[in-house]
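Asker: Once you have looked at the hints, place chain B on chain A.
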Amino acid sequence: MSSRSNDLILKTTTTIIVFVILAFSVNMLFAGHNAPGGGFIGGLMGAGALLLLYISYGLKPVDRILPINFTYMIASGLLIAILTGAGSFVLNVPFLSHSFGYFYLPLLGKTELATAMLFDLGVYLTVIGVTMTIILSIAEDKVENVEEEGN
Amino acid sequence: MLHFYIFAPFFAALLIGLFAKKGSRIHTGWFVLPVPAVLFILFCSKLPVLAEGKIVQSVANWIPSLDIQLSFYLDGLSMLFSLLITGIGSLVVLYSIYYLSKKEQLVHFYVYLLLFMGSMLGVVLSDNVFVLYTFWEFTSISSFLLIGFWFYRERSTYGAQKSMLVTVFGGLAMLGALILLSITAETNSIREIIANRTDIIESDLFIPILILLLIGAFTKSAQFPFHSWLPDAMEAPTPVSAYLHSATMVKAGIYLVARFSLIFSGTDIFFIIVTGAGLITLCIGSFLASRQTDLKGILAYSTISQLGMIMSMLGFGTGVATLAAIFHIFNHATFKGSLFMIAGIVDHETGTRDIRRLGGLYTFMPISATLAFFGAFSMAGIPLPIFNGFLSKEMFFDASLKLEQTSGFAATFAQWVPFLAVAGSIFTFVYSMYLVFGTFTGKAKLDQLEKKPHEAPIGMLISPIVLIGLVVLIGLLPNLINEPILAPAVASVRGDLALIHLKFWHGLNTPLYMSLIVVILGILLSLTLKKWQPVYNRVPGKFSTDRVYQGLVNGLLTFSKILTKSYMTGSLRLYTSIILVFLVISTSAFIYMTDGFKISFDNLAPVTWPEVLIGSVMAVAAIATIWMNQRIAAIIVIGVVGYGLSLLFVFFRAPDLALTQLIVETITVALFLLCFAHLPKLKKSDKKSFEKLLDFVIAASTGALLTIVAISSHSSQYFDSIAKYFVDNSYKLGGGDNIVNVILVDFRGLDTLFEIAVLGLAALGIFAMIKYRDKGDMNH
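Chains A and B supply the protein sequences, listed in that same order.
Going letter by letter, the first sequence gives residues 31 to 181 in our numbering.
Going letter by letter, the second sequence gives residues 3 to 782 in our numbering.
Here chain A stands alone, though its shape is the one from the complex (with noise of 0.2 Å):
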């Protein structure tokens, strides 16, 4: 994906608006559980933002700056959700029982805490890996196919 002209501003655009897509991608994340969101939107939100930036700069700079491997983050996710729900067992109860408190933390104040944010964190992560390997898994072959053509 050699970009032929200068985007200029459409590069200049995509570093402020990914910015405010990512946040707005993990208020959805935090915000989830008591207003609109959760992780899957929030997931598929922050998925636009990292798309947004391969299309600007091209596969081969965005995968320097952002060392990701997208399919671990679908396995980190997935583990995440399985470890918050095996995590009742320890206390004896029963798979994926949530629990929450409030507690009073440094700068937020007093402050709600769900465990259950913390499955919802694993869907956030294993939605964005999803999107990812599947959008760039394609994007890549096709890479390939026109250097092939190419030579």
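Honestly, the hints are just simulated from the structure, not real lab data.
We treat Cβ as the ideally placed atom computed from N, Cα and C, and that holds for glycine.
Heads up, some of the hints might be wrong.
Just some of the chain B residues that point at chain A, by a computed CB distance under 7 Å [what the hints assert, rightly or not]: (1) Asp658; (2) Leu676; (3) Gly738; (4) Asn740; (5) Ile745; (6) Asp748; (7) Gly751.
Covered stretches of chain B, as calculated for chain A (at least 3 residues, CB under 8 Å) [as the list claims (entries may be wrong)]: (8) 414–421; (9) 758–766.
Answerer: Structure of chain B alone, referenced to chain A:
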């Protein structure tokens, strides 16, 4: 004790491999021989017990919860058969030691033979109907293995397959009969079933039971029209033919009819079917036997006709007839066994069994020839006191004259029985003469034989000598076996003990005249055999059951091929149509039958204009997709439906769904565009207008069905929704205000866990498909 008797052959079959070493000097058969011989002696030792009118029995648990017990009992009928199985079994094993060379796969042979012997004993001794059925199928399987012993010959495998198909068909029919019997009589024990005979005769299931049971018996005993497997089973080694196809297995059907005849005998339908089938078999079998050119072929048809005779006597149901049947079972086993063995000797010593190439063997094989004369004369029923066959045939005629049927068709039919009996016996005489004189007299055709014929080794002759000895002994002194063996057997078939004295000379009476007619006409027909033999070229022609069988098998194959090809076309369009049509038909039939359609206008929300607008846009987009000529255009138009849906979610106040739908729709549209860019241009559909119409009808009816289901299910809410619980408890228990999210991650977190697992798998699947595919295909 009986358990040990029955399972001894099975154990022996298990162990035989240990004794038979390759290259050993001792023929494996010698290790096998003691098994039937000892069993024979053991069974003989029970004879005095039976003579007192008692029975021997033993019971062991097998599946007590289903009332299936390994219960065995030995009464007169079982005793007769057990003696035949073990006695002739010993002789056959002895004969096979000389018949089969050590180069054959002897262990296989004897394992199959012992399995057969054990299962045959199981059949005749079982008291439980399901145990009976188990052993019955064991005999089918072991006989299948024995017929196909020379599996490299095409005819052997064909014969084995045919006998398997026919006998297993009958076996399954019999299983049906046995199940119905055990339901009707409320017990699985044969003796208790027979004791409940009035219940069975009065029940509605009587006719099905009778017919299914008789199908089982007729297929096993090669009765018309199921007889055609027996001649093809002659590809088996001769000891097998002698054992299975003359003395034991083919009599299993006879045993079955005899065993259950206490229930059925006396009813007209039993008489008509059993006697009718028996007499037809007798006539057809004896008529066709003289047509054969193969010695064993003649013997096979002869066995068929003799079994028909026994069967018809069982159908008569009178005391004399039953005794005659039992007597003939015994006699037939002796002379037919010996004749098979002699046919085997002839085959062994001359290299052929084709009667056209044989002749004049008397000078070369005097002992075999003498034995064959005795056997064949006994089979033909020559009126001399040294042939046991004559005695039973005379009783057959006698019984055929004394039928007690009074009513309707049965009475008319009974008048014809003696004539059919005589006709069948005439042809029996003809083929018996054809068999011995064709083989042993006339001019020897030495140039046509593979080797110079000479007398068989003495070991091979022992068994036929013993059997012919029995023929003569019983011919002379029939009462020797009458009292200890035949009378208890008749008693267990008839239910009461009535000893009938057997004697050769009855005085000048009708049966004797019938015998004389048979002999005279038989001699005339035998002498003119060459002249009328061309008849066989025309009869049976098309009516041959062989052709019927072959036609059925071929027809079934062709039919199933056509059927499978008609819907397994590989066309996804067809499969989808079938699935949808089935869905529509079954669901709408169910709605119709249960009166499930319901429409109520209560509890409906008001419809607002934006909803109507979005809905109609979605409908227009969905319909428009059908006429899109380009894939990409179709994807984008279908996207309208997705975005419309997410808008609807907004109006229905489902923000999470709306967000998710929006993003997922975007991603799927993008992915579709990415993938479809590689696909070739959409071709103009070349479907015929009829097919299009059909598609339209299927699609429209599926849509209509789902609409009806949706309306009906919305209109009939039987229970309160559980949503209230979630609304009330989402904050209290889950600590969140977003009820959807709390349900997803807390109340129903397991679903979510597996949904993300599904997503992960899908991603890995795509990854693997793209990264690890065979890339050679893409770049040509």
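Asker: Could you run down the list of hints and mark each one as holding or not?
Answerer: Quick rundown of the hints versus the structure:
| no. | hint | verdict |
| --- | --- | --- |
| 1 | Asp658 | holds, 5 Å |
| 2 | Leu676 | holds, 6 Å |
| 3 | Gly738 | holds, 4 Å |
| 4 | Asn740 | holds, 6 Å |
| 5 | Ile745 | violated, 10 Å |
| 6 | Asp748 | holds, 5 Å |
| 7 | Gly751 | holds, 4 Å |
| 8 | 414–421 | violated (count 0) |
| 9 | 758–766 | holds (count 7) |
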